[in-house]
Amino acid sequence: MARIAIIIPVWHHPVLLDEAVLSCLSQQDAPDFEVILVNDGCDMAQTHQSLAGWRAAHPEKITLLNQPNLGLSAARNTGVEHALKDPALEAIYFLDADNKLDPHALALFATLLESNSDAGWFYPQFDRFGIEANISNGGSWSLARLAADNFCDAGSLVRRAVFDSGLRFDPAFKAGLEDWDFWLGAAKNGFVGAPVMQAFLRYRKRPESMISAAHRQQGLLHEQLRQKHGWLYNSNRLAAAWNEEWPRFALIGSDGHFAIGSDPETARAVSREDMIAAIFAKRANPAESRFAPMLVFYTPEALADLRGARLLESCFYQLEGGLRQAPMLGLKLADGPLGIRLGRKLRDESGDMLMGCDVIAMSTHHLNASLDRGEMEEIIRYMIENVALTPLEVHLPAPTPPQTPPLEALMDLVGGLLLSPMAQVEPAQYANWRAPAYSGLAGEVALCNAGGRPALAGAGPGAHVGFVIQVFRFGGVEKCLVALAGALKKQGVNCHLFIYGNDTVDAAQWMFAPFEKIWILQDPALRDWGGSRYLGTAEAVAPERQLMGDMLGPLTGMDVVVNCGAGALNHGQALLRARGIRLVAWEHIIERTGYGRWLGTPLVVVGYEAGFDRIITCSKQLATRLAALGVPRGKLLPLPNGPGYESVAAKPRQPQKGRLRVGFLGRFDPQKQVQRFIEVASALRGRFDFSVHGSAVLGSRVDFPDWLPPGAPIKSRAGLDRFYASIDLLLMPSRDEGLPLTILEAQRAGVVVLASDVGAVNEAIIDGETGILLDPAQVVPAAISALEQLDADRAALARIAKNAAGKAGHWPQNAAVFIETLL
Amino acid sequence: MDDQTPILLVSHSLLQGTVAGMRLCDITPWLADENPVWPGLPPLALLLDPKDMSTFANGPMAALIKALAVPVLAAKTVHELPPLALKTALDHRAQLRMENTALRSENALLRGDYMQLQQSFNQVEDFLNSSFAPKFTCARAWEYADQALPAGRVQQRLPVGSAGLVAVDIWAMGPGKAELRFTRPVGADFAPSLILEAHAPGWQRALLTRPLAGLAGDVVLEITSEFALGLSLPTPLETLHAAPATAPLALRVWQGLPGIRLPEMASGKARHIIPASALPEPEVKGGTAKRLRGRDAFSLHPGHDGRLELVFRGIEVPMPANIAAYAQNFGPETVTLSLGPDADSRGRKIYLPSESHGQCDLDIPTPGTVDLYFSLRAPSPMASVFIRGLEICPVGG
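So the sequences go chain by chain: U and G.
Per my numbering, the very first residue in the first sequence carries number 1; after that it's consecutive.
Per my numbering, the very first residue in the second sequence carries number 1001; after that it's consecutive.
Do not take every clue at face value.
Which residues of chain G face chain U? A partial, calculated answer using Cβ under 10 Å [claimed, not checked]:
1. 1097
2. 1115
3. 1143
4. 1188
5. 1233
6. 1238
7. 1328
Please keep in mind that the hints were generated in silico from the structure rather than gathered at the bench.
C-beta: ideal position from N, C-alpha, C; glycine also.
Generate the whole structure from the sequences, applying the supplied hints.
Below, the structure written as structure tokens:
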């Protein structure tokens, strides 16, 4: 009956084995234990003699098991199966044949087993002999760190419960890392490890060994590990563990609030004293401290404003990324349309910029460096004179003025640090006498999160859909996106908006309503469409690695990512798919050049078709065209557009008895052909009332006659309702179209639409029933003729308007199809 | 059969029997021999009938067989030969195995000792090669901070590994005795306990007979004292706080050459160094002195006039001693260094050429706490000098 079994697999260590066995037999004050020697088919006679000799000399303590050579994992498992037959067994210790135990090891094991019932296993320090070194095991347990580095040596004490859960060493890891695999398996089964601070295992380090050979094959073996443990490496679990175990931010409010955490919304409140102590602990033992690498000094007003705008997480993410290049970052709130703009690095010699910031971010490393200067005046001067500040400008409608600037919180903390008695001691005096453990944690987290840092907060329960768009203004694509997100939200799906490209977001507040969070990443490289051409349309240039990581990282929390024309994102397809994220492209229109050649993002998407799970089209016509270009039918998901906004000010329409009112709404560009509208209006001037709303685009100058002054573009729901109420007929003489929202919105408002029969317009209009289709070859005469007929036949006009207004909206059905297909 | 064939020495009456793989030899001539000498490998066993057994027991052959540790077995008939021979062979095999195991066990111990010896020797060599022949190094210094822990039992985790640990200084608040144990959290002590007697408040040194050798382990200092113990400043690392306290003990930890017996290191009697990391922050005039982490040195740069003055205040010199500052010149020009007891006395000058190292020293004839004035003169502000530490070398009796 043994409380602890020591399993020693033996293969090709006939001499060193003697030291291992002797170290077991030399234990002092040991609890009951058994040594199980497993001869893994060693072909050396010396091994047989040694094993037989030890067994013969100590039959009461030593069990000898012989098996053909099956590898280290199988040998350990043989020992495990034998050990578990003893009902009194509490734990198993694995000792490699070339290592040895200190005489107090088993007495220590007994203490560990009694003192820490939460731990499934106890891992040692790396106290090496041979190539001598004392290396820390890195301190307290971390699942995230285990993903990056095997800090649990095989020479760990493992509770019986771990084996009772069915876990064994995997014989597939014959070349090494079998112990790492085992710990990951234990963690998967819900167990955690605990560090042993006291030395007890002496690890013989030779220049060549099984583990050094395994290190040389690290890439292959690590990939094997990642494949097997997809539950950790290929899911949000690693990011969640990282965020929980390794706080990313230390938050210091100008209202005296201190907190530490990765998610600013749920960061753990701490006292000022604890915050100061934690900073000093980081200085003294940076490798094992879990203190945040970034300090954020803020005003509560700024945090509340950012939270209200759903930009808090995005801003912190940008600040964190920015600190890679700058020692300090400042965030300033400004009044204006929503947007985030990252400025150039500037030297702030006067300190004015620092004073004007609403949030100041500083690396902990840099704070420590400035603390080394010794005196408050020196520190502040050092920061102001030498620190280059990279401002982040966040534009919000009417931000709240702060009461106390964050610079005061920074000064207060620095003062607290300087006055602390801990400041009087050199950190070297308290350094761990063991060398710090290696950890490539941040790199591994990035590797498993599509090359980037994950979002700060977990995605939470339920399905999560991310919509990625390059420009977010009051346009048709944006309104479709908002409408679908709104319908998905009503059906219980969490939607997130990612604006990757432009820094200014020129959209109405109601357009953000469906989204849990808004992420803005501004970088000109994300708008660079100067890549190679596919089917005649240039694709986006691949962002450099870091920017790609910043772009993809937050998306790894999504279940589905819908790319609404963000070309740079196509380059991250493989990385996102590797995480099991379903990718969708949403396409609206194929345009034409002035010479008539087809052009547009749908053509690029054909080139990336293999990486998409589905391609949503706004019309059947576009789906057909993409299928013709090579996209498998099964991947196409036509979701017909509906009105792009919910009506807020529409009133019942009365039949127009006087002159009919004809309107135009849209960009003044060659696609929309406002010029044709002017021709029609000129021909019918005096018999109809004409009005135009829109704006010219760069390089498309249009001369309007004095009697037809253009109105401003309309960017509000109420404005649109008023516009549709002010007309009886909408004329759309476009050269190209997808399936324009304007038609659907006008129809809903009882306006009869006359539109050139291009693109998928005929999917929204049945000629003579729900509108009038115009021959695209002779739009102007056809429009004049149709208008004259409708003017003469008001009954027909009323009938068409009524038919069109009765059409059902598509978004709820679209959302249902989306959910059924992709979630 | 060759000469290696095991021999069974048997009575004549048993010679008719056979045992596969063994040769039977008649014992009769041997029993008659008054001065028997056995050539070659000893027989595996003696198998004797009752008559010969009696003769053998009373004859000179018995002493020889006993000396060779050959088993003697009784056999009445030839039929008993094979099983007895087999038993004898098996016993012999088992005995050899036990002996081999014992030998292996001894070898394992020796190999472990050899590895430790190599490592200790290695550390000694490193120590000698990388330093300017100090005897002891103050590895950590946690200064007394006007706080105390009442008399009683205290545990303090040491911030160094056991290898080379030779002494600790603790701060006694008054006279009395204390027992110090260098323990493990679990397991045997590293060294026998020490009794320390303090006669006055201040630092008290507990010195081991020799620096600890072997593989480095985690040391917990356990003190049972009649006097209150001085505490140092609180640290952010609670694991380093004395139990029960919220700060570590005021403590100086000394390391030496592992396992090497050295002359008595009574308080203040030993030659030792104070590394840069254990020196107080100096007062600086005319240039800069920056503490370099990880390199255990001060980096000095003179002002625009090539001059720099440093003052290290409060250096404890508990006996008449010669104090030397160890310096390295990384600059392009020769510099002049000196160490003096006050601002006006410059002490002996040394000229340190570019890319060289040396010591400037000063005699302190009276024990006490001194301020040390270090002076650097260089032709230009280009100079770059490291100070690695101070060596305290006792002089006189």
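So, going through the hints one by one against the coordinates:
The criterion of a C-beta within 10 Å of any C-beta in chain U is met by residue 1097 (chain G), whose closest approach is roughly 5 Å, and the hint holds. Interface restraint check for residue 1115 (chain G): the shortest CB-CB distance to chain U comes to about 6 Å, inside 10 Å, so the restraint holds. Interface restraint check for residue 1143 (chain G): the shortest CB-CB distance to chain U comes to about 8 Å, inside 10 Å, so the restraint holds. At about 6 Å, the closest approach between the beta carbon of residue 1188 (chain G) and any beta carbon in chain U falls short of 10 Å, and the interface hint on this residue holds.
A hinted interface residue such as residue 1233 (chain G) counts as satisfied when its beta carbon comes closer than 10 Å to some beta carbon of chain U; here the least separation is about 4 Å, so the hint holds. With its C-beta approaching chain U no nearer than about 9 Å, residue 1238 (chain G) sits inside the 10 Å limit, and its interface hint holds. A least Cβ separation of about 19 Å between residue 1328 (chain G) and chain U goes past the 10 Å threshold, and the interface hint is therefore violated.
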